[in-house]
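There are 2 protein chains.
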Amino acid sequence: MNTPSPLALVPFVSVANMMRLVHHIGLEEMLRELADYIEEDFRRWEQFDKTPRVASHSAEGVIELMPTADGELYGFKYVNGHPSNTRTGRQTVTAFGLLAEVSTGYPVLLSEMTLLTALRTAAMSAVAARALAPRGATTMAMIGNGAQSEFQSLAMKALLGIDQIRLWDIDADAMAKCARNLAGHGLRVTPCSSAEEAIEGAQIITTCTADKQYATILTDNMVGAGVHINAIGGDCPGKTELAPVILNRASIFVEYPEQTRIEGEIQQLAPDHPVTELWSVLSGASVGRRAASEITLFDSVGFAIEDFSALRFVRARLRETGLYDSLDLLADPDDPRDLFGMLQRARAPND
Amino acid sequence: MNTPSPLALVPFVSVANMMRLVHHIGLEEMLRELADYIEEDFRRWEQFDKTPRVASHSAEGVIELMPTADGELYGFKYVNGHPSNTRTGRQTVTAFGLLAEVSTGYPVLLSEMTLLTALRTAAMSAVAARALAPRGATTMAMIGNGAQSEFQSLAMKALLGIDQIRLWDIDADAMAKCARNLAGHGLRVTPCSSAEEAIEGAQIITTCTADKQYATILTDNMVGAGVHINAIGGDCPGKTELAPVILNRASIFVEYPEQTRIEGEIQQLAPDHPVTELWSVLSGASVGRRAASEITLFDSVGFAIEDFSALRFVRARLRETGLYDSLDLLADPDDPRDLFGMLQRARAPND
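Residue numbers (the numbering used here), protein chains in the order written: chain A, 15 to 365; chain B, 15 to 365.
Rather than coming from a laboratory, the hints here were simulated on the basis of the structure.
Each hint should be verified, as a subset may be incorrect.
Identical copies carry no separate label here, and so any pair may be met within one copy or between two of them.
[What the hints assert, rightly or not] Here are the simulated lysine to any residue pairs, SDA-like style, with alpha carbons at most 25 Å apart:
hint, residue 1, residue 2
1, Lys64, Leu123
2, Lys64, Cys250
3, Lys64, Thr153
4, Lys64, Val76
5, Lys64, Glu74
6, Lys64, Gly252
7, Lys64, Ala257
8, Lys64, Asn262
9, Lys64, Ile39
10, Lys64, Leu79
11, Lys64, Pro288
As the structure is a computational prediction, the values presented were derived from the model and not from experiment.
Could you build all of it, start to finish, from the sequences and the hints given here?
Written as structure tokens, this is what we have:
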């Protein structure tokens with residue numbers, strides 16, 4: 015059988031190569047560069063085709079496709095969310111993604127996105143916090159110490175200079191794991207004995223818990239004036255983390271309102287409750303934080319453009335690093351109308 | 015770096031392995047088996063989550079995601095349609111697809127689908143013709159001799175015993191290519207000098223042309239009583255092949271009306287023009303052909319369940335044939351909450 019032509023091959027970044035890429039660039043530097051790609055794309059928000067994700071719900075979880083396009087490139091991510099997966103040693107969330115040329119429809123990158131999603135989610139949180147958190151913030155409370163927690167902590171360090179992380183999780187093992195992983199990364203890490211204790215002195219509160227239900231991780235009296243809340247765990251219908259009264263005290267910033275009103279914390283509010291789109295703050299069209307005493311809330315559910323930005327970043331590093339395999343994903347007959355002839359010629363005698 | 019665990023690996027069927035699979039099974043046998051899988055899934059149509067495809071249109075073409083699920087398995091196909099691609103030596107249509115477990119969201123198969131789509135489309139046509147064409151049909155007119163034409167011809171042979179194919183294409187090279195490819199496959203193949211000549215004596219007329227516009231491949235006086243028309247080229251908004259008056263004379267059968275009314279020949283008719291869903295004929299709930307003199311029309315645009323069936327078939331043959339590679343697509347940390355720890359441990363000194 016003949017070797018496939020270059021037109022037939024799609025660069026594929028495996029989990030192993032994604033890990034190599036992170037270590038080649040350095041985790042904090044990669045978070046900063048991902049943040050730059052996200053900011054660049056958020057500033058040209060209006061160029062993108064946007065649509066709420068296409069979700070397939072089941073009793074156990076959800077499988078979603080998240081497409082977007084900017085006129086030159088088309089991207090989509092496949093991602094699942096299955097809270098009970100950890101019982102069988104599986105990830106709650108796995109993902110992969112693809113970029114393709116709009117002009118030909120040909121894929122130009124297939125990539126693992128389980129790790130990449132964790133990185134882009136952390137970078138996204140830090141982009142929002144850089145725009146919204148009080149000046150001179152040094153301390154973040156990290157409520158929920160699962161797979162996202164270390165990435166969130168290091169992104170806040172890399173982009174905002176946060177140097178103190180206060181941990182809380184109802185699962186002591188998860189908290190110990192997070193503290194262990196963050197050791198040696200230049201952060202002062204303090205495991206706490208309650209959420210109330212964790213938020214003491216924190217200018218930024220990040221919530222990232224995993225129950226698929228309405229929960230109240232933060233109650234009204236826990237949230238004082240001037241903090242920035244980064245709520246990333248409430249990300250599907252029926253799953254929230256904050257008491258509604260906090261939402262009513264906060265200025266709320268979202269990625270894509272059409273999606274956030276269904277999936278985010280604001281599903282608890284009236285459908286016309288005022289929110290600000292984060293892209294408009296980053297582009298200068300809207301104001302972010304207006305006063306030191308204001309509570310700002312980034313109600314983050316994750317949006318397709320963030321994945322698009324992350325895939326663009328990975329693609330830009332392919333040639334320099336060589337950290338990919340070539341996948342024989344596309345049929346490429348000599349004569350494009352002769353798919354059948356290609357198939358027949360593949361029946362070599364020694365095959 | 016450690017070897018990924020089995021949970022991290024997804025079987026991948028490349029174009030080369032898909033071609034090996036076809037030759038291993040035999041093309042006509044594979045078309046028959048694909049037809050069985052499609053019929054099986056059409057008979058349990060009501061078990062599926064169904065949605066029109068998610069299309070991203072541009073000036074040059076379209077990129078689509080086609081998801082469906084049956085409660086146990088979730089599948090989707092990525093497919094593009096770019097008519098001008100042949101100018102740069104590319105395929106008009108390329109595709110790949112994925113199956114995943116609904117219960118975990120974990121992918122269980124990634125496969126090329128450029129070839130597989132050609133095979134499933136041909137098998138689908140033959141499934142419809144077996145249910146709708148006049149008894150004892152021996153002859154098919156094949157109008158449009160591009161990449162689909164040989165597969166369509168051989169599927170009609172494999173499932174219905176068609177032994178004569180009459181070819182017509184405005185491009186003489188395409189017609190010669192099709193005749194050459196079909197030589198030695200047990201068919202009497204007759205290149206013709208017009209569409210009118212090609213349909214002489216044919217009980218089945220298959221149209222598969224590629225222009226992205228309203229065209230009239232068949233005019234009213236060309237279509238006599240009793241034939242079955244298999245219209246597969248009109249498959250997106252603004253692209254049709256048949257004169258509306260033919261549609262008004264025919265009993266029309268479709269895959270999924272919500273999609274066909276936008277993309278198929280019937281986009282030329284009133285939105286409430288009566289059509290019969292093919293699945294209901296295959297399951298016995300509706301009648302197919304009612305009289306020898308009736309004109310039946312399968313207005314085919316391609317539907318996600320056909321891809322799902324084809325992917326199920328490929329998956330069922332993986333173990334026996336070994337014709338796949340294992341792709342390191344999913345992150346699989348020892349502790350599912352410890353993605354960060356997996357990343358840190360991958361920074362081996364010798365890496």
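Hints, verified against the model:
Proximity of Lys64 to Leu123 under the C-alpha cut-off of 25 Å is restricted to the intra-copy arrangement: shortest distance 20 Å within a copy versus 28 Å between copies. In this assembly of identical chains, the alpha carbons of Lys64 and Cys250 lie at most 25 Å apart whether taken from the same copy (18 Å) or from different copies (21 Å). In this homomeric assembly, Lys64 and Thr153 never come within 25 Å of each other (Cα to Cα): the closest approach is 35 Å inside a single copy and 48 Å across copies. Taking the closest pair of Cα atoms, Lys64 and Val76 come within 25 Å of each other both inside a single copy (20 Å) and across two copies (16 Å).
In this assembly of identical chains, the alpha carbons of Lys64 and Glu74 lie at most 25 Å apart only when taken from different copies (19 Å versus 27 Å within one copy). When the C-alpha separation of Lys64 and Gly252 is checked against a cutoff of 25 Å, the pair qualifies both within a copy, at 23 Å, and between copies, at 23 Å. Taking the closest pair of Cα atoms, Lys64 and Ala257 never come within 25 Å of each other, the shortest separation being 29 Å inside a single copy and 36 Å across copies. In this assembly of identical chains, the alpha carbons of Lys64 and Asn262 never lie at most 25 Å apart, being 28 Å within a copy and 39 Å across copies at closest.
In this assembly of identical chains, Lys64 and Ile39 lie within 25 Å of each other by CA distance neither inside one copy nor across copies; the values are 31 Å within and 43 Å between. Proximity of Lys64 and Leu79 under a CA criterion of 25 Å is satisfied in both settings, with 13 Å inside one chain copy and 15 Å between copies. Taking the shortest Cα distances, Lys64 and Pro288 sit within 25 Å of each other inside one copy (20 Å), while across copies they are farther apart (34 Å).
Going through the hint list in order, the structure does not satisfy hints 3, 7, 8, 9.
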